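Asker: Using the sequences provided together with the hints, build the complete structure.
Each residue of the sequence shown is one higher than the one before, starting from 1 at the first, in UniProt numbering.
To be clear, the hints were calculated from the coordinates, so they are not data collected in a lab.
All figures in this text were calculated on a predicted structure; none of them were measured in a lab.
Where is the CB? At the ideal position from N, CA and C, for every residue including glycine.
Certain hints may be false.
[Claimed, not checked] The calculated DSS-like cross-link candidates involving lysine-lysine, where the alpha carbons are at most 27 Å apart (straight line), are:
#1 K480 to K461
#2 K248 to K312
#3 K454 to K384
#4 K304 to K521
#5 K480 to K92
#6 K308 to K127
#7 K312 to K521
#8 K397 to K248
#9 K312 to K278
[What the hints assert, rightly or not] Simulated restraints on C-beta separations:
#10 R432 to G457: 31 to 37 Å
#11 S420 to H73: 35 to 41 Å
#12 E255 to Q448: 32 to 38 Å
#13 K521 to Q40: 38 to 44 Å
#14 I275 to S483: 28 to 34 Å
#15 A465 to V306: 38 to 44 Å
#16 Q256 to G22: 24 to 30 Å
#17 E388 to A511: 55 to 61 Å
#18 D112 to V71: 34 to 40 Å
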Amino acid sequence: MTNFAARLERVAHQPEVFQQFGRGVERETLRYTPEGAIAQTPHPTALGSALTNRWITTDFAESLLEFITPVSHDVPTLMSQLADIHHFAQSKIGEEKLWPLSMPCYVGNEDDITLAQYGSSNSGRMKTLYRTGLKRRYGSLMQIISGVHFNFSFPDSFWDALYGEQSEEQRQATKSDAYFALIRNYYRFGWLIPYFFGASPALCSSFIQGRETSLAFENIGQTLYLPHATSLRLSDLGYTNHAQSVLKIGFNGIEQYLAGLNAAIRTPSDEFAEIGVKVAGEYRQLNSNVLQIENELYAPIRPKRVAKSGEKPSEALARGGVEYIEVRSLDVNPFSPIGISEQQVRFLDLFLTWTALTDSDPMDDCELACWRDNWSKVVLEGRKPGLELQIGCHGEKLSLQAWAKRVFADLSLIAELMDSVHGGSAYQDVCRELESWIDHPERTLSAQTLALTKEHGGLGKTGCALGLKYREQNLNHQYKVYSATLMEEEVVRSVAAQQQLEQQDQQSFDAFLEHYFAYLK
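Answerer: If you want it as structure tokens, here you go:
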């Protein structure tokens, strides 16, 4: 019996394991005008405070909304929560609509993108200053690419089944090690996610104005595309950071990861030093290190722990170990009014369970370089017939199709087990459907998105057509988990919470920043 089969058998005796997965979604989407341009209006007051509303905030820009669900333990609840939030937001933004694609609509000028504003509290001002730094470092265009983040955790019963009873200290170490093993396997095989669900094979030509690219783009009017691309969002043109390519952050355990992260936060950057930190009394960035703060690390997956008040993400991890993981490689799904489908969530359940149960050796720099290369191939030409990937540094190559089928042989066993617990055949249906996409790349989201873009004559028209359709769907949605009253109460609470923060501030902004970054001294 393989190690995977033995581990699967252990958790199979604890059916409640599969009923208690923790899941949460964060979906980003640009507000845009009826003309198809990014909205210039400030964050709507009817949505409450972007700083303190627990469900609706902004990301980089005033126009870039982010919808956040709490943790839930069944898929239909998760989807309903997200749909309820979309309904409420759409009902409060008038004629504006929610952009249904990852790559932004037409941008005439980067200055059209207003940075997110969070009020006059020190913490609110710091959030805006961080974004000022991002703008000066990488430009605003990269920062308004939208994605979907999927937060996931296994219940205690999962760890009990695998490791038996342990002291609290042992369990913390075991869980962290197991989550890092999962992360390593995600890097090895996570290219399956852009293969199936990448949905940004094209971009508006305004997006790369003045930028050098060696990619052999074809065009549909003002839209540029690569014939076999899956996710330009995940490519070097998209949400990546060249300055970070020098960082050697390893995933062989929590100590190695935190050491790498802490070094990056403390590593000065000559390039960013040229921008200046405070020039003529005006702040330009938080500091001139490779990372201003930990959140600036662009990674397809992150180990996470809920932080206590005033605690930094790495301090939370050091204190309590890994609590959950955040999957960050999902493009916005253009075929869902809420940016993600139930099919995708169920696939992630299967895939993340597999990455936790299958063997995961430590990773050296050579293998890190190898998986980076594989991801790059899949995001730029994942649908190319006969595309070969290299797994490991021993020169073994296999076609993407052959590797994917190896993984699906195991996924189907997990799907069978999950369906036996939940009843029905939802997981096996997802497995069968996606397995058929391995040999039929035209069924993938990127192929469907490209076909639609060609049909409409460009990305702008495609986004506007889908956005109009989803505006109606989201407005007509009936609350399933929340209610209008609950959403309105959160708006009022969030505004009061922001005002309270602003009144409590005693420190000057300079003193606040000095105190916040004292740990770097």
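Asker: Hint by hint, which ones does the structure fall short of?
Answerer: Of the numbered hints, 1, 11, 12 and 14 do not hold.
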